[in-house]
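**Q** Protein chains in written order, with the UniProt record's numbering: chain A, 1 to 316; chain B, 1 to 187.
Quick caveat, the hints were computed from the structure, so don't treat them as lab data. Cβ atoms here follow ideal geometry from the backbone N, Cα and C, with glycine treated the same way. Some hints here could point you the wrong way.
[Claimed, not checked] Simulated DEER-style distance windows between Cβ atoms:
no., chain 1, residue 1, chain 2, residue 2, range
1, A, E294, B, E141, 41 to 51 Å
2, A, T185, B, D168, 19 to 29 Å
3, A, E149, B, G104, 24 to 34 Å
4, A, K144, B, E138, 25 to 35 Å
5, A, K117, B, M174, 56 to 66 Å
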Amino acid sequence: MVEHNVQPGHKTKRIPIKTRNDIDLISVLYTISIFRSFIKWIVRLVSGTCELQRIVAKCKPGVRTVKLEECMYRSRHSLLRTLCEAEPDDLDASIKNVMALKGIVDDTNPRFFDTFKCCLEQIYGFDSLYCQVENLRMEAYDSKNKNHEEVLYKLWNLLQPDQPLESRISHQWGDIGFQGVDPKTDFRGMGMLGLQNLVYFAEKYTDLAKQVLLHSQHPQHGYPYAIVGINITNMVHEFMCNGLLRSHFYNRVEGRPSLDDFQEVFCYLCYEFDKFWIKSEPENVMAFGRIREEFKKTVKVMLQLVESAVLAIDQT
Amino acid sequence: MGLLDLLRKLKSDQNKELRILLLGLDNAGKTTILKSLASEEVTNITPTQGFNVKSVNSSGFKLNVWDIGGQRRIRPYWRNYFENSDVLIYVIDSTDRKRMEETGLELEELLADEKLSGVPLLVFANKQDLLQAAPASEIAEGLNLQTLRGRTWQIQACSALKGEGVQDGLEWVMKTVASKSKSKKKK
Chain A
1 MVEHNVQPGH KTKRIPIKTR NDIDLISVLY TISIFRSFIK WIVRLVSGTC ELQRIVAKCK
61 PGVRTVKLEE CMYRSRHSLL RTLCEAEPDD LDASIKNVMA LKGIVDDTNP RFFDTFKCCL
121 EQIYGFDSLY CQVENLRMEA YDSKNKNHEE VLYKLWNLLQ PDQPLESRIS HQWGDIGFQG
181 VDPKTDFRGM GMLGLQNLVY FAEKYTDLAK QVLLHSQHPQ HGYPYAIVGI NITNMVHEFM
241 CNGLLRSHFY NRVEGRPSLD DFQEVFCYLC YEFDKFWIKS EPENVMAFGR IREEFKKTVK
301 VMLQLVESAV LAIDQT
Chain B
1 MGLLDLLRKL KSDQNKELRI LLLGLDNAGK TTILKSLASE EVTNITPTQG FNVKSVNSSG
61 FKLNVWDIGG QRRIRPYWRN YFENSDVLIY VIDSTDRKRM EETGLELEEL LADEKLSGVP
121 LLVFANKQDL LQAAPASEIA EGLNLQTLRG RTWQIQACSA LKGEGVQDGL EWVMKTVASK
181 SKSKKKK
């Protein structure tokens with residue numbers, strides 16, 4: 001079996017994320033490199049601060065990290081560009097170097113160091129979370145692996161505590177929305193990530209998961225719970241790969257996001273998809289592809305608006 | 001034939017669209033074949049709920065390929081997609097010997113349907129990259145393909161994951177459709 005390990009430092013695609021809805025002339029000109037340099041030069045002349053300083057001082061957390069990342073990525077200094085690509089061995093020293101390069105003094109900017117460091121950790125954290133997610137996804141479900149089997153049983157026991165599973169190969173798996181008598185072939189390209197996500201939702205939000213499961217079992221308007229869950233894992237994974245989830249994590253997690261934070265997004269999407277599905281009143285399960293696309297579009301719009309992009313279950 | 005007719009004929013040939021139906025049991029590899037045809041990434045597939053449809057251009061034809069989920073619960077909806085199909089592609093997981101009979105019965109039912117009468121059939125014996133895969137000849141025998149009457153058919157060994165054999169199958173489809181439209185014109 002070939003091991004596909006995604007090495008740390010691997011970058012996901014960085015796509016420009018909108019920080020507001022409207023487009024004005026300045027922001028259009030700003031995308032053209034020569035104008036950007038000119039505008040930055042003027043502002044620097046007038047305010048006496050560099051762009052990094054202004055972002056750190058003025059922007060709210062979340063937006064701050066997105067803007068810093070973009071600013072560093074486009075910088076003409078290779079020191080800044082490499083700093084946003086991969087984490088240096090000595091982060092503190094690298095930040096000191098940046099401050100020296102840009103003429104930022106600790107005494108007059110007491111918060112710069114800590115804020116800048118926190119943003120960088122968010123950026124590095126996202127990239128290493130991507131590797132972690134990718135490795136878990138590439139771990140194919142293997143019914144000969146005892147640990148994998150245990151996780152599968154755990155899912156059953158969490159969702160159907162009152163109904164013991166009669167045998168490992170059983171039509172009962174259909175009750176929680178697997179396709180046939182053996183779930184092992186249903187995880188496909190999502191591997192253990194698909195299963196771990198389902199277990200996380202069932203364990204942390206047991207009541208919500210059971211409520212969603214109940215909706216999914218409606219004879220006419222239902223859908224296969226587990227399969228749709230695996231499809232949603234695919235959606236979260238896609239948002240991770242195309243970098244759209246950056247905005248969410250930068251807003252939500254101070255510092256480095258963990259796998260739990262990733263799985264929280266999955267829970268939110270499962271819960272919201274269920275509501276979306278019911279609201280769409282589909283004729284039958286054949287409408288899934290269309291409704292999934294519509295749902296994905298609305299989530300995408302949310303994630304692109306950096307200031308408000310947060311995908312978390314509201315438990316109040 | 002006037003010049004205008006000639007131009008019109010050329011144009012209609014160029015824009016010829018084909019409707020291709022991709023069916024088979026769950027986990028046979030339909031979506032992987034679809035993605036392989038469209039030259040897309042095949043490593044992050046999930047089970048299909050409902051259907052996927054993609055347009056693929058091949059030698060001047062626009063192929064609209066309909067990949068319908070194969071789960072037992074979805075199979076009753078297959079019929080809704082039969083109408084006007086030019087080619088039926090039936091995908092078989094060559095390693096799934098336990099369900100060989102089940103897949104044979106499903107295929108039999110498809111071929112008995114009036115809406116699919118005379119539609120050329122391509123069977124993909126998929127997952128040939130795996131050791132335990134049954135050879136295409138054995139599958140053809142199991143499905144009694146030799147006894148089919150009134151229908152052109154072909155069985156093609158392939159591995160959608162590795163991208164092997166899929167193009168060969170597609171070539172057969174194009175050849176069959178071309179000769180079929182020729183014989184229609186003669187009539």
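**Q** Honestly, which of those hints from before does the structure not fit?
**A** Every hint satisfied by this model.
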